[in-house]
Amino acid sequence: MSFDFTLIIDAVPKILLGIGLTFQLLVVSAVLGLVLAIGIMLMRISGKWYLSWPAQIYIYIFRGTPILVQIFIVYYGFPQLEFIRESFIWPLFRDPFGCAIVALTLNTGAYVSEILRGGVMGVDRGILEAGTALGLSVRQRFIHLTSPIAIRLALPAYGNDVISLLKSTALASTITLADMTGIARTIVAQTFAPYEIFISLAIIYMILTWILQKSLGRVERYLGRYMQK
Amino acid sequence: MTSNAVIQMRNVGKSFGTFQALKGINLEVAKGERIVVCGPSGSGKSTMIRCINRLEKHDEGKIIIDGKELTDQVDDINAVRREVGMVFQSFNLFPHMTILKNLMLAQRLVRKTSKAEARDTAMQLLERVKIPEQADKYPIQLSGGQQQRVAIARTLCMKPKIILFDEPTSALDPEMINEVLEVMTDLASYGMTMICVTHEMGFARSVADRVIFMDAGEIVEEAEPEAFFSNPKNDRTKKFLSQILSH
Amino acid sequence: MDILVGWWDDYFWGSVVVAQVFVCSLILMIIFGLIGAAAKLSDNFIAQKLANGYTIVFRGTPEILVILLLYFGSAIALTSIAQIFNPDIKFFDVPPFWAGTIAIALIVGSYATETFRGAFLGVNPGSIEAARALGMSNLQTFIYVRVPEMWRLALPAFGNHMLSLVKDTALISIIGLNETLFVAKQAIGTTGEPFIMYIVVGLIYLGFSTIITLSVMGLERFGQRHLVSSR
Chain A
1 MSFDFTLIID AVPKILLGIG LTFQLLVVSA VLGLVLAIGI MLMRISGKWY LSWPAQIYIY
61 IFRGTPILVQ IFIVYYGFPQ LEFIRESFIW PLFRDPFGCA IVALTLNTGA YVSEILRGGV
121 MGVDRGILEA GTALGLSVRQ RFIHLTSPIA IRLALPAYGN DVISLLKSTA LASTITLADM
181 TGIARTIVAQ TFAPYEIFIS LAIIYMILTW ILQKSLGRVE RYLGRYMQK
Chain B
1001 MTSNAVIQMR NVGKSFGTFQ ALKGINLEVA KGERIVVCGP SGSGKSTMIR CINRLEKHDE
1061 GKIIIDGKEL TDQVDDINAV RREVGMVFQS FNLFPHMTIL KNLMLAQRLV RKTSKAEARD
1121 TAMQLLERVK IPEQADKYPI QLSGGQQQRV AIARTLCMKP KIILFDEPTS ALDPEMINEV
1181 LEVMTDLASY GMTMICVTHE MGFARSVADR VIFMDAGEIV EEAEPEAFFS NPKNDRTKKF
1241 LSQILSH
Chain C
2001 MDILVGWWDD YFWGSVVVAQ VFVCSLILMI IFGLIGAAAK LSDNFIAQKL ANGYTIVFRG
2061 TPEILVILLL YFGSAIALTS IAQIFNPDIK FFDVPPFWAG TIAIALIVGS YATETFRGAF
2121 LGVNPGSIEA ARALGMSNLQ TFIYVRVPEM WRLALPAFGN HMLSLVKDTA LISIIGLNET
2181 LFVAKQAIGT TGEPFIMYIV VGLIYLGFST IITLSVMGLE RFGQRHLVSS R
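Protein chains in written order, with the numbering used here: chain A, 1 to 229; chain B, 1001 to 1247; chain C, 2001 to 2231.
Since the hints were made in silico from the structure, they are not lab data.
Don't be surprised by glycine CBs; every beta carbon is placed ideally from N, CA and C.
A portion of the hints provided could be inaccurate.
Stretches of chain C that chain A covers, calculated by requiring three or more beta carbons in the stretch to come under 8 Å of a beta carbon on chain A [as the list claims (entries may be wrong)]: (1) 2055-2067; (2) 2071-2077; (3) 2171-2183; (4) 2202-2211.
Generate the whole structure from the sequences, applying the supplied hints.
Given below as structure tokens:
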């Protein structure tokens, strides 16, 4: 068995052409997912059953099923439904990119909402009591006390989810999108050299993960500076 | 019922599920009075003062602060909390803000004072508790005693009429207890109405106008410090005092 | 709903495959995780570096890629190795079941490494000291003091790992494993009803997730029965 380096040198630039799409999938889903997660989390902690239950059901479904199945349902399944085909959001679902975004957003939204909720629950009750005793309203306590502290608490777990999201973007290749994995699989089909190509691809993802982790570490340290003696 | 009373508690009761934490509490606090509340763990002392600023809701009876009755009406509660300050056993400073911001936050949000005025008040009070140089530090950089003094300054920034102290020195190392007691004694000498739950009997003797002993959710005995310590009337009071004063 | 009539059988057997993958990958995941944790906790520099490398590689690579790499890559590697022994062998195949199972066990195992390591370090040092002071041997301390506290500490995260294993099984359908998602693809080929077929797959996996979550909740309650206090 020989390790063909010329193949790698040839393939890597082609694979990197897909990095734009990978990033688009990552950033758009992450941002939309975060907005969705904040909404779901607020519903979940609202204390009103008609808000809390739907949120819990949504979280249960999207954390309990594989992301690949969710992608397939959106990409293959939705076009089958008449009311989707005839609605104004049809252009979104007709396009594999749109489907991938929808599926990834819904999936990460469920996980991140629980992560945010963990952060909120983790805020020391005493601090909120002090705020109450000083006369701060519920809204003021949430904005000035709970949120800043919860964000710092949730950051490590959130960072992990962003990295998971990066890895999930690779599944977009299963619905014909030409992200890095998609391009790599095409090259493998043409060259019959899975080892070289896939290992190169893995290394690229590992580098991206490493960059993400370092950046997140910086943010964590900056936000946590009040914790350093 | 004297009209001088800033706090009136009439037949107040509070239960947590099946456990009755407070039974038939009757208490009147006059303006400028310094009250010390003592008693064994679980006697309901903390619960009682927490009912005064409605961190706990009383189930029976009435609580009247400065003429206004405490109910579920949001306006009432906020009005009360503006005038009643609280100092906690675990300080509860806002960890993500500097000392200065800790002192300014409530002033700006609740009393709606301007940034400059809030800052001035904050610095004045930091001077009063003798740690103005810590203004730009974060709570974690201060010692326990310093943090508690900041907590007291934070309450004072709101210019309250009454301050409640919930075991303010219980979480402190022994060598830091005095610096906090000094600040509290200073406050007392300025005529601040205070209710203080504490085990510091020396403080009670020197500062209190009245000492109240609570046990099992009831007020068992109350008297002026001299009478209380040298001549306790109730058996339970005697037992508690012998336990706490023997070391 | 009648469309599904012919397919219940296949979905059932597909679910059985999911269960089989779960059991095998769970055992492997525990083994990989324990070895990794032991390596990280040991004083051996090389072991630590290897374990760190293991974690970095498998946490930084997409799951689907690991599966593809193991499946296609191992076929080639094993064929080459086999040809050393017997030049007549043309092709040595790794069944998708094993390629997939080992792949997901390796992936989740790299997360489990951290979980087990954290649990081990999280054991109350006071308890260990007390055991030593009472004269218990290392082995006794391990069995009676460390392990009981460790599994309780690791349980929540471990539950999440089990959920990951189940859900990653769907990815193995890409390399042809005959589990439920694969069945669905075939069913769609004949019936042309992708929505219903994929929803069924979703429900089956949701069922597995629910069983695991309930079991973990039960175990957690079992693990805390000594902590229930009465007022």
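Quick rundown of the hints versus the structure:
1. 2055-2067: holds (count 10)
2. 2071-2077: As far as the stretch 2071-2077 of chain C goes, the hint holds, because 4 residues have Cβ atoms under 8 Å from chain A.
3. 2171-2183: holds (count 4)
4. 2202-2211: holds (count 5)
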